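Q: So the sequences go chain by chain: P and X.
Note that the first sequence covers residues 1 to 265 in UniProt numbering.
Note that the second sequence covers residues 1 to 265 in UniProt numbering.
I should point out that these hints are in silico values taken from the structure, not numbers from a laboratory.
All values derive from a computational prediction rather than experimental measurement.
Some clues are possibly wrong.
As the list claims (entries may be wrong) - Covered stretches of chain X, as calculated for chain P (at least 3 residues, CB under 8 Å):
1. 34-42
2. 101-109
3. 137-148
4. 157-164
5. 167-175
We put the CB at the ideal spot given by N, CA and C, even for glycine.
2 protein chains.
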Amino acid sequence: MAGTNSERPLLAEGPVIILVNPQLGENIGMVARAMANFGLAELRLVEPRDGWPSDSARSAASKADHVIDGVQVFDRLEDAVADLNFVYATTARSRDGFKPVRGPTVAADTLRARHRAGERSGILFGRERWGLKNEEVALADEIVTFPVNPAFASLNIAQAVLLMSYEWMKSGMEDESATPFQAVEQTPATKENLFGMFGHLEEALDARGYFRPADKKPKMIDNLRAVFTRRAMSAQEIHVVRGVISALDRYTRKNPRGQDGGDER
Amino acid sequence: MAGTNSERPLLAEGPVIILVNPQLGENIGMVARAMANFGLAELRLVEPRDGWPSDSARSAASKADHVIDGVQVFDRLEDAVADLNFVYATTARSRDGFKPVRGPTVAADTLRARHRAGERSGILFGRERWGLKNEEVALADEIVTFPVNPAFASLNIAQAVLLMSYEWMKSGMEDESATPFQAVEQTPATKENLFGMFGHLEEALDARGYFRPADKKPKMIDNLRAVFTRRAMSAQEIHVVRGVISALDRYTRKNPRGQDGGDER
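This is chain P alone, in the form it adopts within the complex (with noise of 0.2 Å):
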């Protein structure tokens, strides 16, 4: 399932992503594919270790070709920042400092809404290993942090930048619920149908003398009909019970369908 499919709209909108001094090419070619799975297509490097362009990057970010093409790579923070309106800065540590501090669905509701009122946003990224410094972090409007386990707190960029794709991608749902496929619809069958397949049942069972002793009859076909009832049963789901019951009932061990001999009614 890796890679682009043509038949289907490829998204690639929203929020630049901005890596400050990423180290490994892998990690900046999961960055890509984490960007790509969720919509977004715009990476800047800024002093990649490694220089641009990396075969490693474009060999881990899995097909995500059109994000790997785009790379965009700057000497200076400033410089990779210079056209956008809004920046937030992720960090893991609290920082000395008046900017705000938002967690991921604030900040990916913010940059849906500044998207939508036409300004560009970014969203950077610090080292693998230690992340931005104080005077990268200035050069944002506002922080964003994940919400972390306290006692292992590190989430490598990789995927913070899937985390915060993913959010991006979810606020500009209309229905965070909503499901890419559903279930087969099914609407509850009708009581009629319901009632049929109870009838079907406790005449089988009582042919069998499974309603023992005769004064607990009443209470044992409320205990079945609850079975069926906690839930709606669909149409098809009580032909499906239905088709249990007539094997059970027609049938034997001995004289199974298809067999000769078998009961066939």
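Given chain P, put chain X in place with the hints provided.
A: This is chain X only, laid out in the frame that chain P set:
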């Protein structure tokens, strides 16, 4: 910042992560790290291709040793889920059938509610290249799928586990917009403080003949004050700006502060 920090609470509860037929130890390790980042700890493997234990898994886990040490290995998926009350299957593609399909936020809320009710839950993740088989999905109660770029939909298992772990963490937060640290607290300055700054600046500018032509002075002052009132300045910010005004006002390029002959008022 990698690794655990014994002074901070180590979160380690919540759904079991179950990898079916994982191939690369490195992926298992990245899964363990993602789980640790967001407070999950219980990892189960069904038929890991390269066996267990795995040095490459431990290495890629970046010190999520508590997850790696607790890994349980099973021959059959049925056994891996036997003690669980509720199971999600992750899948990127539509399946025939009637299982409810959820997005990650709804799924995480469901998992959290069941966790609070004392139920044990799990989430199934499939093989690196082609996910879960239909008969494996059939063992789950519901399906969870991610909102992705339709033209670039493949998530690797570590990314998928990261997203579900992250949503699990968020589902436990009282306020999703809360952040682990905040900006330094600032209260708006008093108006007296603000007007003092206006006076300071305007006097310094007036002394330099800034307000010309004279009839434009009121409008120019309005514009100047608008710059500083658009958002409520804190006392700290006013202190900073007054320092700037003083520096510009008292010293010149030829006679800067601290030089012989510098005008110290």
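Q: Compare the structure with each hint and give your call.
A: Checked hints:
Counting residues of the region 34-42 of chain X whose C-beta lies closer than 8 Å to any C-beta of chain P gives 5; at least three are required, and the coverage claim holds. Counting residues of the region 101-109 of chain X whose C-beta lies closer than 8 Å to any C-beta of chain P gives 5; at least three are required, and the coverage claim holds. Coverage of the region 137-148 of chain X by chain P holds [criterion: at least 3 residues with CB-CB distance below 8 Å; count 5]. Counting residues of the region 157-164 of chain X whose CB lies closer than 8 Å to any CB of chain P gives 3, so the stated coverage by that chain holds, three being the minimum.
With a threshold of 8 Å between beta carbons, the proposed coverage of the region 167-175 of chain X by chain P holds, since 3 of its residues qualify and at least three are required.
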